[in-house]
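Residue numbers (my numbering), protein chains in the order written: chain A, 1 to 176; chain B, 1001 to 1177.
No lab work stands behind these hints: they were computed from the structure. You may find that some hints are simply not true.
[To be verified] Distance condition first, Cα-Cα at most 20 Å in a straight line; then the derived DMTMM-like pairs of lysine to aspartate or glutamate:
| hint | chain 1 | residue 1 | chain 2 | residue 2 |
| --- | --- | --- | --- | --- |
| 1 | B | K1171 | A | E27 |
| 2 | B | K1049 | B | E1114 |
| 3 | B | K1159 | A | D146 |
[Said to hold, decoys possible] Only part of the chain B face toward chain A is listed, based on derived beta-carbon distances under 7 Å:
| hint | residue |
| --- | --- |
| 4 | F1013 |
| 5 | E1038 |
| 6 | V1111 |
| 7 | W1120 |
| 8 | R1124 |
| 9 | L1126 |
| 10 | R1129 |
| 11 | V1139 |
For every residue, glycine included, the Cβ atom is placed at its ideal position computed from N, Cα and C.
If you want the building blocks of each chain, they are given just below.
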Amino acid sequence: MSRHLRDEVLWSLYEGGGTSADRAHVEKCSACAARYRQLASDLKVLGQVLREAPPLPATPRPRRALQIRWAPAVAVMAATLLLAWGQEWLRVLTLPVSPIEARKNEETVRFLTKEIPLALFSTAELNPGKLPAHATNLAYLQAALDGGWPSEPCEPSRPTDCEPDPFSLLLEEYGH
Amino acid sequence: MGEYKIVPDEQSFYEQLYRAHHARILQLCRLWLNDSHEAEDATQEVFLKLFQASSVQDQSFAWRAWLTRVALNTCRDRRRSSWWKWWREKPVGFEEMPLPSRDPTPEEETVSREEREQIWRLFRGLSVRQQEVFALRYVEEWSVEEVAQTLGVTPGSVKQHLFRAVRHLRKALGGQR
């Protein structure tokens, strides 16, 4: 008698494969025949059990209760922290302002709205005497080009819609 | 693979298919999804597709194989979804789920409750591909060629997965069976 067949060969025979020599061996060898019958029985039972409803576990698994699922735990913790931070932020926003704080705010507002504009746009120090009493259009134009005098309204004799074009003023100066 | 025969009454055709295959498809979904509620949802999805297909497809169509393929793909889609992967990380115990009642076979009577539980647990420990080929071959009793055609793999690959699954299950059950 040759050596016994491997499990894979027995299974192949069960599936309709294998060689005629392997089949002949199973018919002759009682040990391999018994293993073949056991394999067929096992596969039948496995298929049959898996066709039925899964059984209820006889005893609960205690390990399950102690298992921590880290992803949900971290998510819950992050959400809790975010909520706590948001609540704190809202609380600070809605806190009543103390009298000292209110006074500081009031002073700041007054400084920004009153003192700064006064300092920047005041005309108190402007000395009109420095301006020439009579200035020709040419001198006036030159001063304006040099960045000296501020703009001045048109002469009374000129129409209200006076010409701002400096070249027309130049032409007028030279009598054209 | 058995084929569903032509039913003259078109209106009841879907109902007859439903009655003939619902328990089988539900059980396959339980095997492939390992969750009774998910399996029920997947089965509903399969039969919704059947309802749509049965109105346009000829009644002599190979409905049994078609349903199995649709169930397989539905379960695969569910397993692929991100929330499923997240959810399935938790261990799942066995649940008693009612099936159409019938008398137990002699083999079933000899299999103890602990053995059945262990078989289910071991089956769930197989790879997805092994679960698929094992269920189609030994639960659905398809041929290796039919399994290969449905899964889009070679018969040799099916045999390889099958043998590994069988060896793993038998080795683990070796002390009992």
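Hint-by-hint comparison with the structure:
The suggested pairing of K1171/B with E27/A is violated, with an alpha-carbon distance near 24 Å, which exceeds 20 Å. A distance of roughly 37 Å separates the Cα atoms of K1049/B and E1114/B; the hinted pair therefore is violated under the 20 Å criterion. Among the hinted pairs, K1159/B with D146/A is inconsistent with the structure: their alpha-carbon atoms are about 100 Å apart, more than 20 Å. Checking F1013/B against chain A by beta carbon gives a least distance of about 26 Å; that is not within 7 Å, so the hint is violated.
Checking E1038/B against chain A by beta carbon gives a least distance of about 13 Å; that is not within 7 Å, so the hint is violated. Residue-level restraint check for V1111/B holds (minimum Cβ-Cβ distance to chain A is 6 Å; threshold 7 Å). Given the 7 Å rule on beta carbons, the hint for W1120/B holds: about 5 Å separates it from the nearest Cβ of chain A. This hint is violated: R1124/B has a C-beta 9 Å from the nearest C-beta of chain A, more than the 7 Å allowed.
About 11 Å separates the beta-carbon of L1126/B from the nearest beta-carbon of chain A, more than 7 Å, and the hint is not met. Because the smallest distance between the Cβ of R1129/B and any Cβ of chain A comes to about 16 Å, over 7 Å, the interface hint for this residue is violated. At a threshold of 7 Å, the smallest CB-CB gap from V1139/B to chain A is about 5 Å, leaving the interface hint in force.
Figure legend: structure checked against the earlier numbered hints; hints not met, in rising order: 1, 2, 3, 4, 5, 8, 9 and 10.
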